[in-house]
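Enquirer: The lines below spell out each chain.
2 protein chains.
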Amino acid sequence: MDEKLVLHEDLRSGNCYKIRLTAALLGLPLERKTYDIMKGETRTPDFLAKVNSNGRIPVLQADNRFLPESNAACFYLAEESRLMPEDRFGRADMLRWMFFEQYNHEPNIATLRFWLYFIGEDNLSDEQRAQILPKRMAGEAALELMDRHLAGREWFVGSSATLADISLYAYTHVAEAGGFLLADHANICAWLDRVAALPGYVPMD
Amino acid sequence: MDEKLVLHEDLRSGNCYKIRLTAALLGLPLERKTYDIMKGETRTPDFLAKVNSNGRIPVLQADNRFLPESNAACFYLAEESRLMPEDRFGRADMLRWMFFEQYNHEPNIATLRFWLYFIGEDNLSDEQRAQILPKRMAGEAALELMDRHLAGREWFVGSSATLADISLYAYTHVAEAGGFLLADHANICAWLDRVAALPGYVPMD
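Protein chains in written order, with my numbering: chain A, 291 to 495; chain B, 291 to 495.
Worth flagging that the hints you see were computed from the coordinates, not collected in a lab.
Note that the structure is a prediction, hence the values are computed from the model and not measured.
Careful, some of the hints might be misleading.
No copy labels: a pair is met if it fits in one copy or bridges any two.
Below 25 Å or equal to it, Euclidean Cα-Cα: the simulated SDA-like pairs (lysine to any residue) are [unchecked claim]:
hint : residue 1 : residue 2
1    : 323       : 379
2    : 294       : 494
3    : 294       : 377
4    : 340       : 377
Isolated chain A, as found in the complex (with noise of 0.2 Å):
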């Protein structure tokens, strides 16, 4: 790609490391502009004209056009690449378990991270806490199904790393800061160890 990428991230989402990770596998060279979404920086009007108008990162630019929805910019990026499967139904077998990802893992596994972890359950409101055992149980139960699926497989499409291992690695890998236990799903723990040990692999910040 000869276009200048930018990635407009928060260091601490699992969201915009998806990204990050996705560029790094296969070597393209990314711009990097934190913001601090708890101070409020992907709220304001500047960066909801410019970058987001859902006032969200992350963002990823391609020269000046802006494309919001980490999967989608990971799709971006690698869909040229071996990141993608070569047939037709790998390829919507790979989008299957990235929308997984944003409806059945994101929503408990990170969000419950984000809240234990970064604000702390004593700062949290009445209505967060009161959702704290339901997405624990949702999110629990989106590792139990990974896990069954990973059994007697190396990755989540197909028989290389695809963006469904990417998007799914993002926030599974850091689930014990949200307060799941990863040890007891050891088809999830060998994944993530490929995952880690692929060519290119960046850590998280």
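We have chain A already, so just place chain B on it with the hints.
Expert: Just chain B, lined up with the frame of chain A:
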């Protein structure tokens, strides 16, 4: 496509309707197998073992392969079609709106429709009742963002209908069953009319 396509669906689900609408717009034959999610028909051991271990519909079956996640199924059907933008950024931008749909739109607008229209407010748990107001506000924010994006545009991405439009149409056009007022959003109303006028369009059951 020369595969036999079967949609495992609940007729009330907008997520299922997305797939049916995509197939109809593309002229693809689709068998339909219906389940009643309110009777637990997608949580039976047989369904979990054969169709989707996540216990959810829709699932698109292509011969003997099963693809959960509505937007992934739409992608599978449409990958080579006119419902897909021709340029790389456009394809990623289409996915951006489909991820937005599953993260910001469906969990609020579809869930309130399900709770208020199908379950009934009197039958909700206290935990669900406490979520009505936050889901109302988040759903309204999603509609406002869509309405602003559609100002001066006919379609979400590029100059013709894509899967982004189909994905967002499914629960937007029935949002009033969840207590949302569409009349305040003139750009959305005009866009809903454009989707319904597409050749091959089929209504929700």
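Enquirer: Each hint should be assessed against the structure and marked as holding or not.
Expert: We went through each hint and held it up to the structure:
{"no.": "1", "hint": "323 - 379", "verdict": "between (36 Å within a copy, 21 Å between copies)"}
{"no.": "2", "hint": "294 - 494", "verdict": "within (22 Å within a copy, 43 Å between copies)"}
{"no.": "3", "hint": "294 - 377", "verdict": "between (29 Å within a copy, 17 Å between copies)"}
{"no.": "4", "hint": "340 - 377", "verdict": "between (37 Å within a copy, 22 Å between copies)"}
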